[in-house]
Every structure is written in structure tokens, then in C-alpha cells.
Amino acid sequence: MTIVKEAPAAAPNVVARKLTYVKAFNEGLAQAMREDENVFVAGEDVAGYGGVFRMFDNLLDEFGPRRMIDTPISEAALVGLGVGAAARGLRPVVDLMFMDFIGVCLDQIVNQAAKMKYMFGGALSVPLTITTASGAGLGAAAQHSQSLEAWLAHVPGLKVVMPSDAYTAKGLTVSAIRDDNPVVVMLNKVLLGSTSEVPEEIYGIPLGQAHTARQGSDVTVIALGRMVGEALAAADELAAQGVEIEVIDPRTVQPLDTETMFASVRRTNRVLVVHEAVTFGGLGAEIAAQIQDAAFDHLDAPVLRIGAPFSPVPFSPVLEKAYVPDRARIAEGCRRLLERS
Amino acid sequence: MTDVAVEVLLPKIGLSMQEGMIDEWLVVTGAVVAEGDALLRLATDKVDVDIEAEAGGIFHPVVPAGTTVPAGALIGWLLAEGEQPPDPGGTPMPAGPGAGPAAVEPVRVVAASAVPTPSGAANSPNGSAAPRGADGRLLSSPNARRVAAAADVDLTAVRGTGPGGRILSEDVEEFLADFPRGLVAPAPPSASVSPLVRKLAKERGIDLSEVNGTGPGGWIRRADLEAVTPTPAPTPAPTPVRPGAEPQAGDVLPLTGMRGTIARRMHASLQEMAQLTHGYEVRMDAVVSLRERLKEEWADGDLPVPSLNDFLLKAAALALRRHPLLNATVREDGIHLLGDIHLGFAVAVPGGLLVPVIEDAEALPLPEIARRSRALAEAAREGRISPALLEGATFTVTSLGGYGVDFFTPVINTGNVAILGVGRLKDGVEWVDDRPVRTRVLTLSLTFDHRAVDGAPAAEYLRTVGELLRKPLRLLV
Amino acid sequence: MAQRASKKSADPAANQESAQVVKDLHERMVRIRLFETEAGKLMEAGRLPGFLHLYVGQEAVAAGVMAALRDDDQITSTHRGHGHAVAKGVGLREMYAELYGRVTGACLGRGGSMHINDLTRGMLGANGIVGAGVPIAVGAAFAARYKGEDSVAVTFFGDGATNIGAFHEGANMAAILGLPVVFVCENNGYAEFTPQSGHMLLTDVADRAAAYGMPSVIVDGMDALAVHRAAADAVARARAGAGPMMIEAKTYRFYDHQGVKGLRHPYRSAEEVAEWKARDPIDLLEARAVADGTATRAELDDVWQRTRDEIAEAIAYAEASPLPDPADLLLNVYSG
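In order, the protein sequence lines correspond to chains A, B and C. Numbering follows the numbering used here, in which position 55 of the first sequence is assigned residue number 51; successive positions increment by one, without gaps. Numbering follows the numbering used here, in which position 360 of the second sequence is assigned residue number 507; successive positions increment by one, without gaps. Numbering follows the numbering used here, in which position 49 of the third sequence is assigned residue number 59; successive positions increment by one, without gaps.
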């Protein structure tokens, strides 16, 4: 799979160095901590253990217990700690381990972090970063596999990023930490071990800017997170059949770069949105609605959404495989969009 | 008068007609029409014909003049007194092209109660133009509507290929490639002239504002143009009639109507077949001297003197009887040798070329061939040939001799496996011992489909034609 | 178990020192009382949009705690937060303007009663979610320690809030991290309309502190001096790095859960209300001040009068203030 890589804003030397997704995240976080003394990390087993996904490996050694804080299993207090510390000028990174756990601290995210600036008349900012692992594919079942970006993208005041590879895992994490708003970084569990080229220097990827991962003329495929790679694989398959799809990686789902999508749709006239989350009420619905609003007259087919069926994430690998969208379903969807008699 | 609304469907004239343009309605909306009254003038890719009503009623058109619609499409209603045209939601679409019998098909009038359901019709395998959803709404994508609006295309004329027959932007683009802008849009509301008339007027340099329209609502009919500048009488053969206005550099000649048909078919022919051409010189001395004699002997009679081409037609037809491989058609399951020998012969007409057909040519005496070819060519040049007479050729003869061409590579008409080109009659030389003797010769150019015919049998056929022409008396009967 | 604070200090030096404090407490309580009673009148007159959870009756708690804090100490408040804001020094004009939904309000008219804040005064906001301010105060305390400052954070919450997870998680988090947080439970006996006996089996909320290894003290929440003494101890302890502590102040709200008389739901007996009103915290303090010579009646009356004038001016300011421009609806949704 090929990822079209953009030159990072800081224009570091582009080194053909490959890093895993989780190491790229770790490197970006460490560099952001070096860059700003106010950045600290709190969460369950983030310090001594290094994170259950090794996301925080070696950070305790470098930054010590003042900046790497192991907390009780208390997500509400953890996020609240982040909110209060952010309100007082720090740049907390709090880790929720599994995104599914967000339910136990949603109030702090939705009612406190997201709204505080607005409710307080702009008196403060909440530069809080929440990291969490999302996505199915590891047999982790219904309480450890969800992609809940639609919940969060629905909340004014929050930003939500979904790194799709190692390069974006680092750049989006750095940007999230530098951002003055609460940002949820949805790492994808299946991608943790995947590799791509990652510059050694610190770099940010602008939040709210979509990336065209592959150019094509026939169908626009807007893919979230892990689905970007699946879409690119589908693109290779379709290219062999003479179909050129354009793959757009929004990277940030809130704010959402719809202009890039509209421009693409105006060229291809057909759109497929694919995400791991259940189709109903997912980002695909929002994207479809916005496209029909802005580019209705450019559509040759209804916007097609591909997502998970409306069920909890199943456990058994055979069920889970059937549950999560993949390259075959994306390719089939593209063919369906192009169907002519 | 009928007592129930009946549909007026665009008639399919001949096998190959896929669509036709309603050149003009010959009755006004609300007029009482009797069975047999001329209802509309139809412009097909081959001819313009007047179409008669097959039933009586109060006429109510559903598409404006100038609209191009597929054969079989609903174009109007004949209503009973006081009856409203049915809700467009109930507008049933007939089966698409190809569903009708092979023969010339007059206006089909179908009782409303007998038509298929709209949804079934919309799913017809041929994807009729103007597909409609169950609610009767034209099925077209938003992008198709945008592209169509920008190009002034009436979507009802476009065949949809999307799911359920939805018109896609690609359909509009393909339609536009066939029918460039300006010639397919329905006339604007204030327009008082059909696109065809507009085109003719342009060709003839007539300012339409000075033409008095005598059609319904002041519509300018073709006849009204004649009143301004009578169409030049057809120039007698052999010079084909040229279009009234010569194309100028910088003109864009639309690939529409006959031009479009020729373009599609010629291209398709070369795409489909493995064509190659043999050149073969034949002696024409005997034919030439026979013609001289016939001119004298038949000068006062009823029998028309056959032209060189007529001899060629007859010879070609007789030779086909001996070489059935060249009177064939290639289908998926194999090469079908045809029993009938129907000879097409190319006639240049303004803006293109038509190929009238002489059926069972090998069985016809030469004078009959002469009579028919003359009549058909005339009708073709004057644009009044029945489409039926342009259908069904199994082999074609085309001549460029009149233009001074010796040898050329004619393109086989689709559905055939060969075409015979006839070159210029010219002087030849035959060496009799050491003495040169003047002869009369011409070169035949036989293009054949190598999928069906090999080089040797093709040459054999040419030799047979040559032998027949050397001894032309047997061609007479 | 929680320590029960003695009602009166036996130490004469402490009583001497409290002369200043009494005046301070009195002034804070009068400001709260008048702010709230006027707000209640405006609400009943239909001049204020939205909800009002008024603090009348509980003034001794806010005043007692806030008098023990510095400006750089942080507090998180509750849905019943006006008293905390007033006592922490938030401007009355900005508060009224906010209640009126004016663009000059403490939240530019975006927050209303339940989100009044003033970062310059260490007021980290009232909060519409019960218990939610607790972890935020923990975070503020964390930030102070992280930055090497010696400020403390105080979080106010009611008896009802101690049944919610955020309270327990926040208490444990503060304790395990040893953070300078003072937990102040204003136990007014009711979670909205449910008496304490209907929502927990404990008599003293302060007992819950023990679950987190946190010391606690119970004080008479109608006695401003008692509250102040307890708060001063807890704050000093936290500032010294000894970790969090809980104060349970037994108090009572004289008004309904929402508004002045609310829906007149008879969840509290008239006798009970009368009994508590007989121990009006301001009356108690004034009586003691006059009795022990800390203040004269005239001095106290002067406080009332000055405060009335200030309140009237603040209300006039709010009413004269412009409304927010709907064109600015999206202001401050995001930073940057």
C-alpha cells in the first residue's frame, strides 16, 4: 500500500525511516513533552508499565514520575484532572486505554472539557489531549472494540483525530497536544504494529485538513482511520480493473474538512464513505448529508455508506471479520456505484 | 372518437431505428384528430415521414416538437371529449427498441388499460429513454441534470443506464457526443420553429424571422421554407445532389441523424470485422457495346436502359448465388449463409449516403433492376424513401466510378460480409500478339470480412463477376 | 470517623483575632444574601431567563471557607454557585449581567447562572452537573503542585453529590496523589427534593472521607466562624502538602431547590424550615458580634445599606447592558 506523504509544516528532513504506528505515537508524544514543559501524561498504567499497548514505553525513564502519572482506574477523575489542570494552564495528555471506557467519563469530556471555554465566555482554554485505542479486529469483543468517533464529533468544542498510519499517528498526536482545545486521539489497535515512513523530527499535521491519499477520477472514497489502508488496497484492486478511485483520509473528523471532499466529489460524481463504526448515525451519515447539501448537483449516484452492521462488535473471529468493513466490501461498493446497464 | 385515453407512441420504422425526432406536430394541441390524419412529421436517422393517427381523439402531445425520443416512447395522447391526459405518474413506458416486429410499424396505439405497469416498464432490459420511477418522476442523477441543463439537453431524450434506468451524467455526455448541443433540446417556449427546420433554414441561408409560419401556433413548417426559397430541384443523376450550403472551414458538422448513423455504423463495422480489399480489373467492352445497342433498340419502349451499375448489380447478385460465402452474416454462433440475395446499393444524398435495397436481385431481369434502382435512388435523393426500402441488404454495391475513382476500400455494411466497389470505366490495353488493342475496363474493389471469407474465395467471386460481365447477355434475364 | 468541630473556641487569642474575621464574614454573607434575595425577586418578576438555584441560608459556608482562601486559591462550585462566586470576589455587575443574559456578563451571556466563573479570582466555575466540579478541582490542585505553586483547590458539593462517581473518584484521586484539595460538603439535608435519609444511610457525609484515607471534620454550617476555623485548618494543612481533607458543613437552604418557592412541593415541613430559619447564619453572627462587642448594630446596618446600594447599581448595570449579538453565536466554541 502506498501512502502519499505530504511535507510536514515544519519541513523536517524527510527520511526514509519506517516506524511502527505505536512507536511513532510514542516518539511524537516524547518530542511534544520535550518541547513543552507543561505537557504531562496521566492514565492507568501509563508510567510504570508503559501503557498496555506500549504506547508510553520508556517515557517514565526520561520524564520521571512528575510528568508520567499512574492513576487509579477512575476515568471520570482522570479526565477531570486533565480538565482542571488544563484550565490552570497545563497541557495534559490523559489516556483512556480503550475507547469503550469513554462511557464512564463522558460527562467530563462532553459537559466539562468541551463546553468550558464556551460556557465561561472564552475566559479560558482547555488544551487537553485524550488518547485512546479504538477499533475492532483483535477479538476484544463488544466492550473493547468500538469506534465511537461519531459520539464525540457530535459535541461542539471537541476535536477528534483518527490517525490512519504511523505518519499520522505521530503528526496528529503532536498537533493534538499543541492545540488549545480538547482533542481526542483515536489510535487504532489493529494498526499499532503497522509501519510507514516517519520523519525523525517533531512535526504536526494540521487538524481539520483532509489528505488525498490517492487520486482517482471515478469514485471518491472517504475512509476513516484503519479504513484508509483498506480503501487504498481496494484502489489497487480496482485499478487493475480500470477503475480509479480517489481515497480521502479526513484525518480529523471534528473539525471535518468537507471542502476537500466536495472538490473531489465534483470531479468524480460518486462517493463512498467507509468507517469501522456502525453505519447508523455514523460519520458517513453526516458526510453524506453535507455532500448532498453542497454537491447535490454533482452526484450521479446516492452517497454510499459502508460501516459495521447495527450490532455490538462480536467476539468470534469469523463474526468479527464479517462485521468490520474491508477492502473487498469497499471495492464492491465502488463497483456498485459505477454500475451501468 | 375513442372513449378512453389512448397513447401515441413513437413508431419504430424499420429494424434499425432506435430513436426519432419529432420534427413537427401537424395538429395543434386540443385538435380533434380522426384516424388516418397525419399527426406528426418524424425525422429518423434515415428519412422524414409523416405519421398518421391510428385512432381518433382529442390530441394532447406530451413532448414538444424537436424532441428526440426512442422508438416506442410515449409522445402523446388521444383523448375522449372532456377527458384529461392521464397523470404522468401513470405514464407507462413501452418496451424499448427491438421489441416490435421487423416490418414497418405504424403508430402504435395502445389502450391505456392494457399497458404494463410503470415500474415494470422502467426496468425494461433495454433501459428506455426517459426512465421513470414508480412515482412517474424522471429518474436522473443530480449530476446528470446539471450536465444536461448546462448543455441544453432534454433528459427525456436520454437513455439511462444507471440502476433502475437512472440517467447518469455519462449518459448525457454520450448523448451529447451523438447529438451535439443545439439540435436536441426542445424548442424554447417562445420558439416557433423546429430544430430541423432551423437547421434547414441555416443550410439554405433563410432568415427565419422572415418566414411566415403556417403550422399550429405559427410554427414554421418545412413547407413554409419552400415558400421562401424553393428547394432546388434534384440535379439529375449521375451527379448526386449536394447540400444546399457547402460546409465551410470552421463549421462543426454535428454527428446527428443520418451523419451520426453513418459514423456509428462505419466505425462499428471497422471495429467488428477483419476487413481487407481485393482489387480486380474486369473487361467491360461487352457491357458497353450491349448498352449501346439497348439504347438504340429500347429508345422508344417502356423498358429502361440499364446503367453500367445495373449490370454490375445483376452480375454481383448472380455471382453471389455461386459464391454463397459472400452472401452471409456473422453471428455469435457462426457464419450464417443467407438464402435471399438482397442487394443494397449506395446512393449519395445531401449530407450523407443511403443504401436502398433491391430484394431478390439475382432473380430480377435487368430492366427491372434498372427500373427499381432508378426509382429508389430518386426517392432517396429526394428524402422520400420509405425506411423499409433501406433495410435488409445482404450484400452491397457501391460505385465511385462517376467521381473518377479507380480503386478504393469500401467499408462493409454491418451485418454483411462483403461489399463490392465499382471504379471508373476507362480505356485499357490488351496485347494481341504484339499489337495493342484498346479495351474498356474498370476495377472492382471487393472488401470482405476475413472472419468469414478467405482471400481465395473472394478472388473466385470477383472472377465470376468478371466472367458475367464479359458475357452480359445472360444478365439481361 | 470525622472529627466534630467544637462550637466555640476556648482560646481567647483566637476570639480576639476573629474580630477582623467576623466583619469579613459578615460582609461576605450580607453580599450573598442580598445578591440572592434580589435575584429571587427578579426571577419571580419574570425578568431573568433560565434556572436559579439560590444560596440563601447557606451563606456561612461560602463566607467561612472563602475567608480562609487567597485569590490564587482555586474553587470549583455547584449548580448553587452564586454564594461561592460572591464570596470569592466575583464582580456583582458581571454576575447580574450574566443572569440577565447580557454580553457584559461573566460568561458573555453564554453560560448563565450555572457557569459563572472568574479565573482572576480563582473561581473555576459553577457547574450544572452534580459532582463534576470535584475532579476538576483535583486537576487544579495538580496543576498548582506541578507548577510549584502553593495554592490550594477547594471543591464545593452537596450531600447529594457524594453519591455520584465523580465525587468518589475525585476524592480517591486527590488522596492517592496527595494533592492540596479541600473537599467542602454543604450538607443542606436534601438532594433536590429527597432528604438525606432517603439517599444515603449515613448520618454524616464526612464519614465517606475515611474511605479514601482522608481526614474530615463536621462543622455547624450556620456558624460562619466555625466553618472558617475548619476551613483555615484544612487549607493550611493542604498548603503545607499534607494532602486533602474534607469538611462537612451542616446547613440548610431557606429557598426551594430552584427559585424562591419553587413548585411549592411539600417535601419539607414548615416546622423544619422555621427551625432552621431561626438559626439564620447572618443573625447568628450579628448577634454574637453585637454581644461580644466585635461590631455595633450601626456598623452592621451600614454594611447592609452599602451592599444594597451596590446591588442596586449592579442590577441597573445589568439591565442597561447590551444583549449578545446572535451573529456571535459561535464565539468561543473553539480556541484558535
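There may be inaccurate statements among the hints.
[Stated by the list, open to error] Part of the chain A face toward chain B, derived, beta carbon under 8 Å:
#, residue
1, F292
2, H294
3, L295
4, A297
5, R336
6, S337
[As the list claims (entries may be wrong)] Computed footprint of chain C on chain A, listed as stretches where at least three residues anywhere in the stretch have a Cβ under 8 Å from a Cβ of chain C:
#, segment
7, 66 to 72
8, 77 to 89
In short, the hints are calculated from the structure, not lab data. As the structure is a prediction and not an experimental result, all values here were calculated from the model. Glycine residues also receive a C-beta, built at the ideal position from the N, C-alpha and C atoms.
Right, here's what the structure says about each hint:
1. F292: The hint holds - A:F292 has a Cβ within 8 Å of chain B, the shortest such distance being about 5 Å.
2. H294: 5 Å, holds
3. L295: This interface hint holds because 5 Å falls under the 8 Å limit.
4. A297: Holds, because the Cβ-Cβ distance from A:A297 to chain B comes to roughly 6 Å (cut-off 8 Å).
5. R336: 4 Å, holds
6. S337: 5 Å, holds
7. 66 to 72: holds (count 5)
8. 77 to 89: holds (count 11)
Consistency with the previously given hints is maintained throughout, with no hint failing.
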